[in-house]
Amino acid sequence: MTAVAAERSGTEPQPVTGRKVLVAEDSPITHDLLKLLLNQRGHTVDIATDGRQALEALRTNDYDVALLDFHLPHMDGVQIANAIKQDTHGHKLPRLIAITADVEGLLSHAEGCENFDNIIPKPLDIYQVGKLVEEQAAIGDEVRAAEEASPAPRLAVETKGARAPASFFERLGYQFLVWPDDLEATRLSARAMQATLGDPRFDGILIKKPVSADDLATLWQRKALYVLPVVDLTGTLGVKADLDGSKLNAQDTDQIAQVLRRFQDQRARLNRDLLYSEVLSEQLVGRVFISGQPLTAALDPTSPTSVSYNTTMSGILVAREAETLCEQGLFKREFFDRFYVCGRCDSTRMHVREECFKCRSADLVEEPYLHHFKCAYQGPESQFRRGDELICPKCRRELTHFGFDYDRPGLMMVCGACGHAASDPAIGFVCLDCGAHADSDSCRTRDVYSYQLTEQGTGFAEYGRAFLGQASQALRFTELPIELVVALNAAAKRFNEEKVPFTLVNIFYENEREITAEHGARQFAQARELFLENMRANLSKADMVVEGQSYDFALFRDIGPEHARADFDSLCKDAQSTVRFDLGAKLKAFGPEDFS
Amino acid sequence: MWQLISDGLNFLTAQSSVSFLSLFWFVLVFEIPRYLMGFISVAVLSVRTSKAPGPVDVGRVSAVIAGHNEEDSIERCVVSLREQSRPPDEIIVVSDGSTDRMPEKLRELLASGRIQEAHCTQMRAGKSAGFNLGAGRATGDIIVNVDSDCTFDRNAIREIVRPFTDPLMAGVAGNIVVRNPNVSVITSCQAIEYMISISQGKQAANLIEQMTCVSGAFGAFRRVALERVGGLDAGGGEDLDVTLKLRTAGWKAFFAPDAICYTEVPTTIEALTRQRFRWERDAIRLRYRKHRDLLNPFSTRFDFIELLHELDFITFNIVAAAAFPFYLIWLFVTYGDFAPLILMAAQIGMWGLDGVTFLLAAWMVPKANALALVPYLPAYSPFYGLLMRFIRLAAYIQEWVFRASYRDTYVPQKVHNVRK
Chain A
-7 MTAVAAERSG TEPQPVTGRK VLVAEDSPIT HDLLKLLLNQ RGHTVDIATD
43 GRQALEALRT NDYDVALLDF HLPHMDGVQI ANAIKQDTHG HKLPRLIAIT
93 ADVEGLLSHA EGCENFDNII PKPLDIYQVG KLVEEQAAIG DEVRAAEEAS
143 PAPRLAVETK GARAPASFFE RLGYQFLVWP DDLEATRLSA RAMQATLGDP
193 RFDGILIKKP VSADDLATLW QRKALYVLPV VDLTGTLGVK ADLDGSKLNA
243 QDTDQIAQVL RRFQDQRARL NRDLLYSEVL SEQLVGRVFI SGQPLTAALD
293 PTSPTSVSYN TTMSGILVAR EAETLCEQGL FKREFFDRFY VCGRCDSTRM
343 HVREECFKCR SADLVEEPYL HHFKCAYQGP ESQFRRGDEL ICPKCRRELT
393 HFGFDYDRPG LMMVCGACGH AASDPAIGFV CLDCGAHADS DSCRTRDVYS
443 YQLTEQGTGF AEYGRAFLGQ ASQALRFTEL PIELVVALNA AAKRFNEEKV
493 PFTLVNIFYE NEREITAEHG ARQFAQAREL FLENMRANLS KADMVVEGQS
543 YDFALFRDIG PEHARADFDS LCKDAQSTVR FDLGAKLKAF GPEDFS
Chain B
59 MWQLISDGLN FLTAQSSVSF LSLFWFVLVF EIPRYLMGFI SVAVLSVRTS
109 KAPGPVDVGR VSAVIAGHNE EDSIERCVVS LREQSRPPDE IIVVSDGSTD
159 RMPEKLRELL ASGRIQEAHC TQMRAGKSAG FNLGAGRATG DIIVNVDSDC
209 TFDRNAIREI VRPFTDPLMA GVAGNIVVRN PNVSVITSCQ AIEYMISISQ
259 GKQAANLIEQ MTCVSGAFGA FRRVALERVG GLDAGGGEDL DVTLKLRTAG
309 WKAFFAPDAI CYTEVPTTIE ALTRQRFRWE RDAIRLRYRK HRDLLNPFST
359 RFDFIELLHE LDFITFNIVA AAAFPFYLIW LFVTYGDFAP LILMAAQIGM
409 WGLDGVTFLL AAWMVPKANA LALVPYLPAY SPFYGLLMRF IRLAAYIQEW
459 VFRASYRDTY VPQKVHNVRK
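Listed in order, the protein sequences are those of chains A and B.
According to my numbering, the first sequence is numbered sequentially starting from -7.
According to my numbering, the second sequence is numbered sequentially starting from 59.
Bear in mind the hints are in silico, worked out from the structure with no lab data behind them.
Be a bit skeptical, because a hint or two may be false.
[Claimed, not checked] Simulated DEER-style distance windows between Cβ atoms: (1) B:Ser143 with A:Ser432: 30 to 38 angstroms; (2) A:Ser432 with B:Asp158: 21 to 29 angstroms; (3) B:Arg172 with A:Gly451: 54 to 62 angstroms; (4) A:Lys201 with B:Arg172: 54 to 62 angstroms; (5) B:Trp388 with A:Arg388: 51 to 59 angstroms.
[Claimed, not checked] Some residues of chain B that are not near chain A, with every Cβ distance over 10 angstroms (derived): (6) Ser153; (7) Gln174; (8) Cys178; (9) Ala329.
[Unchecked claim] The calculated EDC-like cross-link candidates involving lysine to aspartate or glutamate, where the alpha carbons are at most 16 angstroms apart (straight line), are: (10) B:Lys472 with A:Asp397; (11) A:Lys324 with A:Asp439; (12) A:Lys84 with A:Asp54; (13) A:Lys578 with A:Glu490; (14) B:Lys310 with B:Glu251; (15) A:Lys350 with B:Asp158; (16) A:Lys84 with A:Glu48; (17) A:Lys485 with A:Asp550; (18) A:Lys350 with B:Glu251; (19) A:Lys77 with A:Asp117; (20) B:Lys425 with B:Glu166; (21) A:Lys350 with B:Asp147.
Glycine included, C-beta positions come from ideal geometry on N, C-alpha and C.
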């Protein structure tokens, strides 16, 4: 193995550090943040603040990845991408990632956005950026390795394979993501990337080639894809699909429209927390909310658990996540069925059979007992049988008169393997997956449930994490506004170097739901704004109050959380004083040690 | 009453030997030999105490339990068998047309491996047919026939199979002890009766090889022998029947005093009367109908050894029962008002003899807890001497005249209809 190969093989599980990255971004806050972030992960970052600078840099240096803002002075991201793709001036072609808050603008750009390998939406998810840069760099390595191995490789990379023939669905004027064209386990198309941003123009996912639930795991690993209805043209997904397209034809447009509209409507009501969540349990809540259907268990012989649900998540995962949600009170369950479970491999595909109590053979033959009244001999019929006559083996008399000479008081099961006999058989199980045997007494059982949203669950879907209250959620960095992350980084640096403490305050409004329900979202937003304004006025210049999505935040410099907490009551009271509604603001403090 | 007893005692001691004979001839003929036999057997047994300790190898042992509606007792019985010092190698249970939860109970026992085979029929066939079904499935060299309401002393199986070291031994009777002596005077008297009958009857019978009943509650058979005589036959009294069949086929039967089995006896006089009527009727039917050739000197089955127990039965059961009323009439006609006094005198004498017999029996069957039974000893003589004798007499007449044993519910009517 060469040194290069060894290094490459090492890149798979562990991202290689020391990538060279170009950031083309005109906002100083954003490029500072990106530089800080990528430097921390061991990459070298060059900054370009306008389009020409960026293209210049790309044509004079070798970069692994370029992050290009869509809106740049002189030249926008799409133009840069097209230019560099056409002519690299002999330099390496980096992986191109678009950064934009205007995904729609990017996608509808006249010159097309297909030259981008990926898109990062704004506001930035700082974790996603690091991960994506490393992923794309690794893909770039592979593409180059492939090019070296075979000349004229670009076609192979770009070609999406033979496209499946278009079905009437695609002519109905809906926007579908298509499996496998748009959604592959390793790579999403630009359209699919756009869908992960929660673009409301997508109507659904069209399955054109047979897939399994495992193949569709991508839908749950990315953001916002799981909310799309799955239309299965192949019929292989069965109940897992939202619409079985294999049974529909062009006359069923009403039904199709109905399903897709229902999903659209519900999607609009789904809270952003859930739409963009990458947590399976939250996605599951969102899914049930959007589909408007309970998670209904159905028998499925292809699943090792014998059950699948009406969603593309595998039955095992659904059951695991749904049970957690039941504990949290977001789901309630309804008994579906009880399965016998293989003790060795946990499969429920058990072959049930009548078998011998002694040797467990299934080779049982039913034989009647015969009772000869006169001499009290009682035994299996075969002992009496002599051709078509019945002769008592004890007294040699012929049995002629049923009910007067003899009768048949019962049946016995005789084992062909060991000769054991009993009046009824034992019940046993053989696992179809691993062949293990179990008696009915020793075989474990597993109860399977269907699930539906509780009121609490519906509330969570509509109002997001804030609905569950502050205490139930740990601080999520992905929710923090960018300027706060930058400030927080600076404060953390000061803490590390000079031991100056700081406090991040999370502000949560307990009465948000009531106020929104009663007076509308606008009134609440105004009240919330006023509250924050009041708070800013009461704090010193060094402190910072930032508006977030579900929560708002404040950063106190020079003071630790234990001291900050002492002022919370008066702080709240003052901020609340001129606000029309009682917002029920609750403050929670996080100190430096919470960020370690 | 006390006056009568003291008068009776005075009367008894005042008799000369001649007048004693002429007054108490009945007692002398029908009672004294009974006691004598007991004393002799105890004396002989106390001399030859050749009790071989430890287990013996007689091959595989199967226990067969056939029962009808025994859901309450079957598990206790099985547990008791599994607790043996020498547990049976297999336990086969037959639920004979049970309509209670016995089949479910058997399923549980089978699934948990505590019994090896279970057979449940939907129509009752009777104890004989039930046992035959189980015995036909048994694989043991020795088959132990057990009633499901029995429980066992820990060494019961070990002791009941011990005599099978004799290759001619075909049937061994267990020693049945009453489990519920404290329920009523009736059960206490039966406890004493069972105890005394062992020292007086079965032990003595053992000595002269006259054991004629391998009891259905707890008995063991050599399978080869049982097969050769065709197992149990239809009808009640199958235990006496099969023993007679085995004996006349040349096999030996024996009584094992240390193979102790506990059973419940009827608690009311009505239930007891019904039970004894059945037993006595079956004895008459079997001895004088089915096996009457044993008394025919020209029959091939005739044997002087068998004649011994036949004569014993005729004398001490039939004639004694039949003669008793005549004795009473004779007494009252001859002595008028003196008769009760004479009877009391006879009773006093028998109390004395019973006391001695009881002590001997208690010494021989230590498990019977004799001390607790002492207070009931005075009730025992009238119970056994008067009540049982009248029951016997009535049963004999009923059977001879009306063939009542053909209507016993112990056997299903469909079987009565066709059997001999």
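Hint by hint, here is what the structure shows:
1. B:Ser143 with A:Ser432: 30 to 38 angstroms: holds (34 angstroms)
2. A:Ser432 with B:Asp158: 21 to 29 angstroms: holds (23 angstroms)
3. B:Arg172 with A:Gly451: 54 to 62 angstroms: holds (56 angstroms)
4. A:Lys201 with B:Arg172: 54 to 62 angstroms: holds (58 angstroms)
5. B:Trp388 with A:Arg388: 51 to 59 angstroms: 53 angstroms Cβ-Cβ, so the 51 to 59 angstroms window holds.
6. Ser153: violated (8 angstroms)
7. Gln174: violated (8 angstroms)
8. Cys178: violated (4 angstroms)
9. Ala329: The claim holds: Ala329 (chain B) sits with its nearest Cβ about 25 angstroms from chain A, beyond 10 angstroms.
10. B:Lys472 with A:Asp397: Since the Cα atoms of Lys472 (chain B) and Asp397 (chain A) sit roughly 8 angstroms apart, the hinted pair holds (cutoff 16 angstroms).
11. A:Lys324 with A:Asp439: holds (14 angstroms)
12. A:Lys84 with A:Asp54: holds (5 angstroms)
13. A:Lys578 with A:Glu490: The given pair, whose Cα atoms are some 31 angstroms apart, is violated under the 16 angstroms limit.
14. B:Lys310 with B:Glu251: violated (26 angstroms)
15. A:Lys350 with B:Asp158: violated (26 angstroms)
16. A:Lys84 with A:Glu48: holds (13 angstroms)
17. A:Lys485 with A:Asp550: Measuring from Cα to Cα gives roughly 13 angstroms; hence the hint holds.
18. A:Lys350 with B:Glu251: Judged against 16 angstroms, a Cα distance of about 44 angstroms means the pair is violated.
19. A:Lys77 with A:Asp117: With a Cα-Cα distance of about 27 angstroms, the restraint between Lys77 (chain A) and Asp117 (chain A) is violated, given a limit of 16 angstroms.
20. B:Lys425 with B:Glu166: Given pair Lys425 (chain B), Glu166 (chain B) is violated - Cα atoms ~33 angstroms apart, limit 16 angstroms.
21. A:Lys350 with B:Asp147: Status holds; Cα separation ~14 angstroms.
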